[in-house]
Each structure stands twice: as C-alpha cells, then as structure tokens.
Amino acid sequence: MNNFAAAFAALPEGAQHLRKRHLDAFLRDGLPTKALEDWRYTDLSALAERPLALAGAEHPPLPTLTGAQTVAFANGRFVSGDRSLAHAAVPDLTPGAVTALNAAFATAGLELDVPAGQPRAPLHVVTWFGGGAGGMAHLRHRIRLAPGASLTLVVHELGDGAPFFCTQVFDIDLAENSRLDFYRVQQFGAGTTALTRLDARLAGDARFNGVGLYAGGALVRNDLNVALEAPGADAELHGVLAPAAGEHLDVHTRLDHRGPRGRSREGFRCIVPAKARAIFNGKVIVHPGAQKTDSEQHVDSLLLAPGAEVDAKPELEIFADDVKCAHGATCGQLDEDALYYLRTRGLDLASARNLLLRSFAQHVLDRIGFEPARKLAEGML
Amino acid sequence: MLEIKNLHATVDGKAILQGIDLSVKAGEVHAVMGPNGSGKSTLAHLLAGREGYAVTQGQVLYKGKDLLALAPEARAAEGLFLGFQYPVEIPGVSSMYLLKTAMNAQRKHRGEPEIDAMDFLAWVRDRLAKVKMDIAMLHRGVNEGFSGGEKKRNEVLQMLVLQPRLMVLDETDSGLDIDALKIVAEGINAMRSPERAILLVTHYQRLLDYVKPDQVHVLARGRIVKSGGPELARELEQKGYGWLEQAAA
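From first to last, the protein sequence lines are chains A and B.
The first sequence maps to residues 1 to 381 in the working numbering.
The second sequence maps to residues 1 to 249 in the working numbering.
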C-alpha cells in the first residue's frame, strides 16, 4: 500500500490537507479482499503491489454526442465543456474502501444541481483514463435533482490499452418526484483496472432509470447501489455485460427498499466469450416497514465458448411480510436452431452469430430512451 | 436441377435414408409424400444443410454441382430455399431486418451490389399483399408470437422475397386452415416457372389440390417405394400408406 501513500504525496499540499483523513481511512482498512463475500470473485491484491503514479494531463481527442451537451474529463481532470459543472471540492466520506480511496485522490468531477422547471439538454459526461503504464486517476461526481426535476445523463467511460488504474464514484440524490435517466456506455481499455461505484438515494416517488452497456476492461468492478428511501420510489437497473476475451467484469447491484410501495426492476444480460469472466450479483434488501414492495430481477447469460465463465447470483433479504419479490437466472448458449434457420436464409455463420448476440443485447439497449446514446451503445457491441 | 443418387444417411448411427434416387428438372413440381418417420423431413434438412446427418453413400447434385459440399448459406445463395415445417422464432431480430440481411448476403455471395433501401421496401410490400400479411408483422421479431398459419405464410413471404431457384417446402401445408392453405398455395404457384423447381414434402394430399405436381413420390422406410403422376396422391388419400409400407418392408 506504500504505492498509494507515495502517490498521495504528489497531490498539491492544500489538497493533501483536506483529503488526509480519507487516505488514512483507506490505508487503515486496505483494499477489499476475497475473504469478503462481496469481493469473493474479484481479486484486487495485485493493486497493492504495483507502481502507481497520478497520471499526466495528455489525452487523445474525446468524443461528443449529437443532441447532448458534453463535459469531458481525462485522467481525473476537467478538460472541456461547461466548467461551472465541474468541481474541485473535497467529497464527503461515504463508507467503503473504494469510496475512501476515491475521496482521498479525486480532485474533479461533475457537480450538478438540477432545479425543477428548467429543462436542459441531455448531458454527455466523457471520462477517459489512460496514456501511460502505471498511471492512475480518480473522479467523483455529485448529482442532485430538486423536487420534480428531471435529467438525462449519458456517462461515457473510455480508456486505452496501457495498464492503468482508476476509480470513479457517482453520488446521486433524487428529491421527491424527480427523475434521472442514467445511461452508461463503459468501454475501458484492455489495460484498465477500474473500480466504480454509484450510490443513488431516492426520495418519495422519485425515479431512477439506469441502463448500461458494460464492455469490459482488464479488470472492472462496478457497484450500483440504489436506496429507495421513501414511499413510491421507483428504480430500474438494466445492463449488458460484454467483456472481451481475457477480461474480468464484475457488476454488483444493491437495492435497499426502505420506504413502502417501492418498485424495482433489474434486468441484466451477460455475453461471455472464451477466457472471459462476467459476474453479476444482485442484492435486494427489503427493510422492515417497506411494505408493498414490488421487486423483480432477471439475469440471462450466454456463454459463447468453452472456458467462458459467468457467476450470476441473486441475494434477497426480506424483512417485511407484504411484498412481491421475484428473481430468475438463466444461462445458455446460442440457439443452434436459430443459427441454422438464419444460415438457410443466406447469412454466414459469423453474421448469424453476430445477429443473435445483438438481438440478445438489444432487449436491454432498447431501454435507452435517448437515441444518440442508444446508438452509441449499439456501436460498442 | 436436382439429382439425388442412391442417398444413404444416418442420424446418431441410425439409418434414416436408405437409397434415395430422385431427379427434379427445372420447371417441375414434385411431391414427396409418406407416413411419419419415413425420412421426409430428414431429406429436406439434409438438402438445406442441417448439421448432424452423416451421408454414408450416394450424392446430391444441384445444377450439376456437389450440393452436400456447400455450407447452408452457400446453398441459399445458389438458390436453394427450405420452407420449415416448424419455423424458428427469433425474438429481437425483426422479420424486415432478416429479409434485408438475407437478401444482401445472397447478393454479395453472387457478386451483386446491395439492394437500394426504397427498392427493397417496394419489393417487400408488393409480396406482402400476395400472402395477405400486414407490414406491421415484419417489424416484430421473426415469427415471434405468430400463430402456426402466420409462421407458414411468413415462410412463403420469405420465399417470394428471396426468389430462390429450388424450393424444398417441408410440410408447409400442415396446421393451416382452408383460407391460409389457399394463400400458401397461391404463393407457391406464383413461383412456378420454367427456371424453377419445387419439391413439396407433405403428409396429405390436400395441398396438391391447389398446387398440381408433375410427379408424386412415396417415401417409406427411407426409400422411394413408388412414383407416379398426380393420381398417385389421390390413391394414397383413399388407401393410406399401409400397403406401400408393407411392400417396402
């Protein structure tokens, strides 16, 4: 862990002063280990050993998105877009090793307050990480929607092939009756180790609609935590997990139903090629008093070759008696009959396979209600 | 157009086809009839290129070339079309997309340019009317939630759109009510031409009331046990298959 302490010394002095307690908390508890149930499939031990230095400011040209306002960050720094939306404040500490590490190092990110009655264009947030072996960078974003406000956010996570380490944290508060559409296209580089975490808190009748395409990276762990704090909150969490050969992609979701009459829907689909591993863990906790909770979770996986691995695990903890909670998991291979049918119509085997894979993913991607974001996700497959 | 010579095939080591000889010339319609388990569907899928069959003897020539050496998609591009007895449902792939992808894949194989999008749409619309299908059905997943009759009409639509040379229609008449049967028969008749040939695989004679075959063959226990004109189909309708199966045993 000396590598983290040494990198911390490179932060500007003022920043160090404010972030020291976060670093101390991180160093005290260390990186999560496989002994923890939530981390049993993802091994971070190599991170404590390897050289890490805060990455430089160089970056390639970054994309924009039709119909959206782009704010871009590269290696943890604001680089373009509306500067008033990017902050440099010290974040509050939320529990957890990844958030403590992120809070110690993150000096930029989105800082967004959305009032009601002022519709704004969809926001396209580009975060790029890379540019050199052994680099690291961290971003922390805060998004608050006022009562009745709404926003479409497209988070576009990119990287390159060099070994790199990054963390990215989203801290989201949705006030009464607000709505956030959170579309995410994640395609880190083949060298990227990434730990991301999203915490969203939903007030009464607030709605969080999250749809993501997670296209991998060397080792990627995404935690998606949504708390339905008050009556009538509604959470949709959907995603496609599509790691490339040799990659490790872990998505852990946690839904805390605290208020009554909350509704949650989760649908994830995993497409796993040879030597790749996808992990989906879906925890749903219905707390005492969260009566009339209505929750469903589905995860469907396609294993494309021998040596592909998927670990799909639902975890339901229910402490209220008048609730509806369903979950289901399937795992299979491409439908041979469908492949044959397509080939008899003239498609070669590769095109037929590709068509079936796309249609499998499309079921999820069709939920992306902002067309340019949907096209962006489709283009990554 | 199609020459099947002494074809023997096994599935999982079990002999299913045991010496089929069949010759279909361009311009002809042949019916292959026979009881369940006689090998009719095996023959149809073997022609289309399904995996899992072992050809132990004989050969199949299509337009003078070794058909069995070709991948299913190459057979399709060369003009072979199999109408499925049980068309496959493919949720998430719209029929329209499949039609266009299939058509362009076949054109590419033949060295032709992709079809213009507007030309394609006009081409499909024209053929939709022939099978009395609504264009909205083409925006749904392939055969997704279709009734049995709708699936068969969709097979005929694909045939009309793709314009194959040799059509192997595997019990395309099964599960159809009389109105749907007429629509399907009209679609098949629309494809009859001096350059094309049709192999109708069927259990019943009733389709042959609407699509007049040049020849009728009876398949039993993996062999063609009797061939004749259209009158053979009527004879089968009256006498059943038993007498021919006994003769084949």
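Any given hint might turn out to be false.
Stated by the list, open to error - To spell it out: a stretch of chain B is covered by chain A in this simulated footprint if at least three of its residues, at any positions, have a beta carbon under 8 Å from a beta carbon of chain A; those stretches are:
no., stretch
1, 70-77
2, 102-116
3, 190-203
As the list claims (entries may be wrong) - Pulled a few chain B residues facing chain A out of the computed Cβ check, cut under 7 Å:
no., residue
4, G19
5, L22
6, V93
7, M96
8, I183
Treat the hints as calculated values from the structure; they're not laboratory data.
The structure presented is a predicted model; accordingly, all values stated were derived computationally and were not measured.
From the three backbone atoms N, C-alpha and C, an ideal C-beta is built for every residue, glycine too.
Inset, instruction - Go through the numbered hints given earlier and state which of them the structure violates, listing their numbers in rising order. - result: When the structure is compared with the hints, numbers 3, 4, 5, 7, 8 turn out to be violated.
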